[in-house]
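Visitor: The lines below spell out each chain.
Protein chains: 2
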Amino acid sequence: MLDDYRLDEKKKVSLEDFDPEDTAGFASKEEVEESFEKLKEQLQDIQERLFASKTNGVLVLFQGMDCSGKDGVVKKVLSGLNPQGFRAESFKQPTSDETAHDFLWRAHKVTPAKGYLVSFNRSYYEDVLITRVHGLIDKDIAATRLKNIQHFEKMLVENGTVLIKIFLHISPEFQLKKINERMENPEKLWKFDPSDLEERRYWDQYIKAYEAAFKATATKTNPWYVVPANNRWFRDYLVLKIIVSTLNKLKLEYPQVVIDSIPKEG
Amino acid sequence: MLDDYRLDEKKKVSLEDFDPEDTAGFASKEEVEESFEKLKEQLQDIQERLFASKTNGVLVLFQGMDCSGKDGVVKKVLSGLNPQGFRAESFKQPTSDETAHDFLWRAHKVTPAKGYLVSFNRSYYEDVLITRVHGLIDKDIAATRLKNIQHFEKMLVENGTVLIKIFLHISPEFQLKKINERMENPEKLWKFDPSDLEERRYWDQYIKAYEAAFKATATKTNPWYVVPANNRWFRDYLVLKIIVSTLNKLKLEYPQVVIDSIPKEG
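Note that the protein sequences, when read in sequence, are chains A and B. The numbering of the first sequence is numbering that gives the first Met the number 0, which starts it at 0 and goes up by one. The numbering of the second sequence is numbering that gives the first Met the number 0, which starts it at 0 and goes up by one.
Just chain A, same shape as in the assembly (with noise of 0.2 Å):
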């Protein structure tokens, strides 16, 4: 079920060719509760074995257009492991200090130690991506980009992360119906920001920009996931899915204690 949603070859890839409105043929919330709970248990007893063994760094880079999800997610699907051994991180406007460095500066200094599970709310992706919508860099810079966030995720796999890239797939109208929902309820209000809707003028070129950017990186050792986010329960479950599925394959151990190295009493 997951290789639907997975983009692994450095084929053209159309974002149209994914529904947003897709569940997997569940019809709704009730179908994937209990399977949503037991996958949730079973990453809780990941991170455990992860932390314990530190064999590896665990990296989920989440991207999406605004109002698609990646706040959610991260509050449903991570929420409930172990702070010790996980960090939120996301990724604002840069600071000057920031801008000053290279892209890809302050995101490498953030990424997982071995034993942790780092989120990403957005990433270096944002510079290939708003930048580029905005006319703020070319074409060849962001090809140049593409190249460089091609060999550091090859790097940072190639030293020990996992890495899980996740595209919350969204449509228009839905994006539309969620900034009204935020412009009138009060709650909801203080994540409305007018922007959004000046953004909702580019929906194509962004498209456009994530379809570079899938073809350039979604490569069989670090594959994309696309992920329909139209329906929010199934957004969950199939991201949790993902994560869970990936990281089974580690087979993670608690590490074998060497009963000789225990201090004796006395």
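Fair warning: there could be bad hints in the mix.
The list treats identical chains as interchangeable, and a pair is accepted whether it falls inside one copy or across any two copies.
No more than 16 Å apart at the CA atoms, straight line, and that leaves these computed lysine to aspartate or glutamate pairs for EDC-like [stated by the list, open to error]:
| id | residue 1 | residue 2 |
| --- | --- | --- |
| 1 | LYS108 | ASP96 |
| 2 | LYS11 | GLU183 |
| 3 | LYS138 | GLU157 |
| 4 | LYS207 | ASP16 |
| 5 | LYS53 | ASP96 |
| 6 | LYS113 | GLU97 |
| 7 | LYS214 | ASP7 |
| 8 | LYS108 | ASP16 |
| 9 | LYS108 | GLU97 |
| 10 | LYS113 | ASP96 |
| 11 | LYS11 | GLU180 |
| 12 | LYS207 | GLU33 |
| 13 | LYS187 | ASP70 |
| 14 | LYS53 | GLU97 |
None of these hints come from the bench; they were simulated from the model.
Following the hints, complete the assembly by docking chain B onto the known chain A.
Guide: Chain B alone, transformed into the frame defined by chain A:
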């Protein structure tokens, strides 16, 4: 003249082709003294422009055997710079937090921001040198890391860093003389480390590891310089000349002041 010391193609590199005693025809320190002072003034001028224009970061990386003079060259060549725009970094035995990340992590964190000059006393190259020589990593991992380094350096340069890589080349006889001096001179004894003598046994393996590193990472845009370092006055002179001539190519200018933007009184 600098071309004689420059490695910029991925051809077979043999350090035997470089004489550590070489002084490019100069007979003594006195012959380069005036020129050295002029170059130092030039470097200070360049640094001011660099800091004002903030167009590039500059990273000067020093590698070399024990006693090759990495500390000395930083002191002699880079003293007198404006400390606000300069930082001397030095890489020792990695901490547990550092080894828990990929080997480029700790170096990337301290790369120069635009406008700054940073020197590296040792670097991420240690992760393909000392580790390889002592069998902590095998040939395949060394090859992967060299690729990682090549891509990392390319990324830095593509994103505005000027990278100057310098190998301080001494002979084993010179090293032994220096180790003896350290042992005999109370003011230098603190620099003596018994493991230095131990490491001497690995001289040939180090040379081989260096040659492999040069072969993989000396490129047209990111050359290595092999600086003969048995004569310290020539070493300092040549290093300074390499730095100044590289930075002169940037043609750094002070930023134009836009008069309109100066707030008017009243």
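Visitor: Treating 16 Å as the Cα threshold, decide for LYS108 and ASP16: within, between, both or neither.
Guide: Neither: 35 Å inside a chain and 40 Å across chains, both beyond 16 Å.
Visitor: When no copy is specified for LYS108 and ASP96, does a C-alpha distance of 16 Å or less occur within a copy, between copies, both, or neither?
Guide: both (13 Å within a copy, 12 Å between copies)
Visitor: Given identical chains, is LYS113 near ASP96, meaning Cα to Cα at most 16 Å, within a copy, between copies, both, or neither?
Guide: between (27 Å within a copy, 9 Å between copies)
Visitor: Give the relationship of LYS113 and GLU97 under a CA distance limit of 16 Å: within one copy only, between copies only, both, or neither.
Guide: between (25 Å within a copy, 10 Å between copies)
Visitor: Using 16 Å as the alpha-carbon threshold, which applies to LYS108 and GLU97: within, between, both, or neither?
Guide: Result: close both inside a copy and across copies, 11 Å intra and 11 Å inter.
Visitor: Using 16 Å as the alpha-carbon threshold, which applies to LYS214 and ASP7: within, between, both, or neither?
Guide: Classified as within: same-chain Cα gap 9 Å, cross-chain 32 Å, threshold 16 Å.
Visitor: Checking LYS207 and GLU33: alpha-carbon separation at most 16 Å within a copy, between copies, both or neither?
Guide: neither (37 Å within a copy, 59 Å between copies)
Visitor: Are the CA atoms of LYS138 and GLU157 at most 16 Å apart within a copy, between copies, both, or neither?
Guide: So LYS138 and GLU157 pass the 16 Å test across copies only (14 Å; inside, 29 Å).
Visitor: As a check of your reading, is LYS207 near ASP16 (CA-CA no more than 16 Å) within one copy, between copies, both or neither?
Guide: within (14 Å within a copy, 52 Å between copies)
Visitor: At most 16 Å between C-alpha atoms: does LYS11 with GLU183 qualify within a copy, between copies, both, or neither?
Guide: neither (40 Å within a copy, 69 Å between copies)
Visitor: If the cutoff is 16 Å on CA atoms, where do LYS53 and ASP96 land: within, between, both or neither? Let me know, please.
Guide: between (32 Å within a copy, 12 Å between copies)
Visitor: Within a copy, between copies, both or neither: where do LYS11 and GLU180 come within 16 Å Cα-Cα?
Guide: Result: close neither inside a copy nor across copies, 35 Å intra and 65 Å inter.
Taken one by one, the earlier hints fail for this structure at numbers 2, 8, 11, 12, listed in ascending order.
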